[in-house]
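Chemist: Starting from the structure of chain A, add chain B where the hints point.
The lines below spell out each chain.
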Amino acid sequence: MHRSANRVLVAIPAYNEEATIREVVRKVQESLPNFELLIINDGSLDATGQILQSLGTTTATHLCNLGYGRAIQTAIKYALEHDYDVLITLDADGQHHPQQVQELYRQSMSSEWDVLIGSRYVATRNYSQNPLGRRIGMQLFSLLVKLIAGHRIYDTTSGLKVIKRSVLVPLTHWHFVDFHAEAIVYLMRLGYRVGEYPITVAERKHGQSMYSVLSHFKYPLKTSLMVLLGIVEASLTKRKERK
Amino acid sequence: MTIQGIIVINLIGLMLLLWILNLVRRDRLYVGFGVILVLTILGVMFIVSIPALLTFVTRLVGAVFPASALTLLALGFIVFLLVYILTQLTLVANRLAALVQELALQQAKQEVERELGRTDDQL
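Protein chains in written order, with my numbering: chain A, 1 to 243; chain B, 1001 to 1123.
Worth double-checking, as some hints may not be accurate.
List of simulated lysine-lysine pairs, DSSO-like, C-alpha gap at most 27 Å [what the hints assert, rightly or not]:
{"id": "1", "chain 1": "A", "residue 1": "Lys222", "chain 2": "B", "residue 2": "Lys1109"}
{"id": "2", "chain 1": "A", "residue 1": "Lys146", "chain 2": "A", "residue 2": "Lys240"}
{"id": "3", "chain 1": "B", "residue 1": "Lys1109", "chain 2": "A", "residue 2": "Lys27"}
To be clear, the hints were calculated from the coordinates, so they are not data collected in a lab.
Next up, chain A with everything else stripped away, as it sits in the complex (with noise of 0.2 Å):
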């Protein structure tokens, strides 16, 4: 097992995910004894919340549903406050295999990466197992970065990251829709180091996703808008910095 000097938080946000959470908590405990795991309920109205009390898991609670990038930035805030140097995100619906978890972190470890992405498509660059729209939108956002930071990233959707103490200060200093392609250009433009390391994932078999048919039409212009404006945000915060 690898030993770990760095102190790591796996954080998890976990909305309505009564069907899969307490198998997700075990195999993280399981396969990543030397991580400490945060899960950050967001305003489940399932059982979620009473399953991880009976696991005795830490967790943040949201009293209300406040999103997935409120979730993530919970972590981030948690991270930063207790003096984590890794912050590694990890999806609640058993997408992600944990054992993948351990590889991603030392391949971030022994790697100049400031955010490594475990990714569904830099090895295969094949996204036809997604619904046209979605694939569409993927490729979009996929070159809209390549264009804008000038590196492909092929995954700007994964919630499976290994994040850098270095880039959680930055992150707080802006507001991102889900952490996607919007932090991805921000951190890039401000030149931080932003790969990708490929992994798999399971199918989802319960729970429904995070992105309602409506959520189809707002991610990608809420997206695009905070893309641009990233851009606009990473000059200013470089110029200030200058100063």
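Modeler: Coordinates of chain B only, in the frame set by chain A:
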């Protein structure tokens, strides 16, 4: 604008003013919003009451009739107010989110401290 039109607009303006001032007095409307509304209503009443000023404003916005000019200004004001209200709403939502996050972080901190206390007891 006819005398009747001026009187009607001023009467509506006065009623709105009384309503707004009463809402502010009873703490049902934030004084900052009240100021914006009162100043706008007074401005419209002032413009409408002075025919030369109304003609000037009509020419200034490129309208043919004074009523069109007033409608254009009213639309502009509504859009401004909408943006202003949405910014205030965003501000409140951000404050609420920060509060909810802070509560969650405090709760998580207490859980960790409780767990550490339990471990110390066992040792």
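Chemist: For a quick check of understanding: which of the numbered hints are violated here, in increasing order?
Modeler: Number 1 only.
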